[in-house]
Amino acid sequence: MDSRIVIIGSGIAGISAAHKLIKSGFHHVRILEATGRSGGRVKTGRFGDKVVEIGANWIHGPCEENPVFRLARQYGLLDPEALIPENQEIEIGGIPPWVPNIFLSSGQRLTLEELDPAREMFDKLLTESSEFATKGGEPTASVGDFIRSGVQKQAVEEWKDVDAKTRSLRLCAISHLLKQQCCVNGTHSMDEVGLGAFGLYKCLPGLDCTFPRGYEGLITNLLAELPPDLVTYNRPVSCVHWNDAERTEKPVMVECDDGEKIAADHVIVTVPLGYLKKHHSALFCPPLPLHKLHSVQRLGFGTNNKIFVEFDSPWWDEDCGAIFLVWDDEDEVVDQVSDIERSWVKKLFGFTVLKPTERYGHALCGWIAGHESEYMETLSEQEVTHCITQVVRRFTGNPTITPKRILCSQWFHDPWTCGSYSFPGKLCSAQDLENMMEPLPTKGSPAQPLQVLFAGEATHPFYYSTVHGAVLSGWREAERLISHYSVQQSVPKSNL
0 MDSRIVIIGS
10 GIAGISAAHK
20 LIKSGFHHVR
30 ILEATGRSGG
40 RVKTGRFGDK
50 VVEIGANWIH
60 GPCEENPVFR
70 LARQYGLLDP
80 EALIPENQEI
90 EIGGIPPWVP
100 NIFLSSGQRL
110 TLEELDPARE
120 MFDKLLTESS
130 EFATKGGEPT
140 ASVGDFIRSG
150 VQKQAVEEWK
160 DVDAKTRSLR
170 LCAISHLLKQ
180 QCCVNGTHSM
190 DEVGLGAFGL
200 YKCLPGLDCT
210 FPRGYEGLIT
220 NLLAELPPDL
230 VTYNRPVSCV
240 HWNDAERTEK
250 PVMVECDDGE
260 KIAADHVIVT
270 VPLGYLKKHH
280 SALFCPPLPL
290 HKLHSVQRLG
300 FGTNNKIFVE
310 FDSPWWDEDC
320 GAIFLVWDDE
330 DEVVDQVSDI
340 ERSWVKKLFG
350 FTVLKPTERY
360 GHALCGWIAG
370 HESEYMETLS
380 EQEVTHCITQ
390 VVRRFTGNPT
400 ITPKRILCSQ
410 WFHDPWTCGS
420 YSFPGKLCSA
430 QDLENMMEPL
440 PTKGSPAQPL
450 QVLFAGEATH
460 PFYYSTVHGA
470 VLSGWREAER
480 LISHYSVQQS
490 VPKSNL
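Quick note: the sequence shown uses numbering that gives the first Met the number 0, first residue 0, plus one each step.
Just so you know, not all the hints are guaranteed correct.
Stated by the list, open to error - Straight-line distance between alpha carbons at most 27 Å, and here's what the computed DSS-like set of lysine-lysine pairs gives:
no., residue 1, residue 2
1, Lys249, Lys22
2, Lys249, Lys291
3, Lys442, Lys291
4, Lys260, Lys277
5, Lys134, Lys249
6, Lys403, Lys354
7, Lys249, Lys442
8, Lys123, Lys134
9, Lys123, Lys152
10, Lys201, Lys19
Keep in mind that the hints were calculated from the coordinates and are not lab data.
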C-alpha cells in the first residue's frame, strides 16, 4: 500500500496503530515521537535495584477480552498465577480486593469492621452514581455532589443511634474513600467528575495483575516486530496542516519543530488529552471544529502521582496489600485540602504494598491525585521525604520509622502529557467521546476523507484511562484506514 501515514506519538496507541497497519500491508508508516523513548505513559523505572512502574501500573481486567493481557501472555511477560483461569473470571469492580491495614491520624489502628458501615454506604452511592449514564435524570452535576448529599441524608437516617465519635469516624472514612476515588479517576476532586457520564466506563473481569519485569516489556516486544527505523525520536510536531484545497496529492502536511515538513495522506494523532487541551490551537491548522473542541474541553484530564517509599523493615502486617490513612479531622466529607502548600500530604489516601517481598523488599507505593499532587512535584526529594516520614510516624505512633529512599512520579510537569489520564467531566456525555474519535474532515465534507484521525485512551468510549483502551483505539484507527482502502480497491476502476 503506497499511502503515506504519519503517526504522532510513540505511546501504546501509536505503536498499536502502526503494528496493525504494517501487518496489513501498509509500507509507508512513520511515527514521530517528541521524546527520546517509546511508551508514553507506559514507563518503567528503577527504584534502587528494583523495577517499578512510574506510569501504567496494572493490566486492569486481565481476561480474554483484554488485548493487553493477550499480548502480555503471548510475549511471556506475566507471572504464572496471572494466567490461572480463575483469575480471569473474578469481578473486582475496578479496585483490587486488598487486605488493608487502616491507621487513624491520632496513631490508632482501626479494624475493617469499624469502617464497614462507611464503606457500605459509600459503595452503594458510588454504584448509584454510575446508573445515570443509562437512565439520565441526574439530580446533581457531579459525582462528588451526589455522594456528599447522599451521605448527609443517609447518615442522619441510618446512623441516628450512633454516638458522635463513631459517626465522625465514619464520615472521615468517607473522605478517605473519596480521595481514593480521585486517584482511580485521575481527578482533583470528585466534584469535577460528571454524574451523567460517570457510568460510561466499563470494567473487565479479572484480578488486576502486573508485569514482573516492567510494563515497558510490552512496548519492547511490539517494537521488535516493526521496522527498526519506524520511529523518529526527539521530533516534536508543531502543526498539522489539513484540509488545504491546494494540496490535492497529499492532503496533510505535518510540520515539525525543527522545520521538517512531511507530506502525508493520513495522520493519526495520539497525543494525550492533557497535551491536546493545552496546545490544540497551535497544533491544528485549520483549528479543530467547534463541536470537537468543546468535547476536548468538557472531558477531564487530571494528575495521579506515585510516591515509592522503601523501608529497612515493614511496619505493616505480612498479609497486608494496602495501607489506608484516615484523617480524624475530615468529617465534613472532603476530598481536597484547603491549604495545599501546608497540607498537600493529606490528599495521600495511603499506600499499596509492592509484592512479592522477595522482588521488592519492604517497599510501598503511595497514591496522591489532584492539585496537591501537582504541588508535590515542585518540592525537593528531601521535602517530600520529610512529609512522608512525619505522616507515617504520626499514623503509626512510632517515632523511629524512617524511609530508606523515595521516588516520585511527575506527570503534571511532563510537557508532553500534562497529567495522567482522562475522565468524564461535568456536562460530559457519550457524544463527547464519540466526537473525540471522529476523524477530520467531518462527514459530509467534500474534501478527501480521513486526513486526521485520533487515537489514545481519551478517545475510547468506555475503556478511557486504561492501556487496553489505548491499544483498542490504535487498532480502531488502523482498521478505519484498512477498510477505507479495501472499499476503494473493491470498486471497479471505471467508477473511480
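Hint by hint, here is what the structure shows:
For the given pair, Lys249 sits about 23 Å from Lys22 by alpha-carbon distance, which is consistent with the 27 Å threshold. Under the criterion of a C-alpha separation no larger than 27 Å, the hint pairing Lys249 with Lys291 is consistent with the structure, at around 24 Å. Our distance criterion of 27 Å between C-alpha atoms is met by Lys442 and Lys291, whose separation comes to about 13 Å. For a cut-off of 27 Å, the pair hint linking Lys260 to Lys277 stands: about 23 Å separates their Cα positions.
Distance hint between Lys134 and Lys249 is unfulfilled; the C-alpha atoms sit about 45 Å from each other, more than 27 Å. Proposed proximity of Lys403 and Lys354 is supported: the alpha carbons are some 18 Å apart, at most 27 Å. With a CA separation close to 19 Å, the supplied pair Lys249 and Lys442 stays within the 27 Å bound. In summary, the hint linking Lys123 to Lys134 is supported, as the alpha carbons are separated by about 17 Å, within the 27 Å threshold.
The suggested pairing of Lys123 with Lys152 holds, with an alpha-carbon distance near 13 Å, which does not exceed 27 Å. A hinted pair counts as satisfied when its Cα atoms are at most 27 Å apart, and Lys201 with Lys19 qualifies at roughly 24 Å.
In summary, the one numbered hint that this structure violates is 5.
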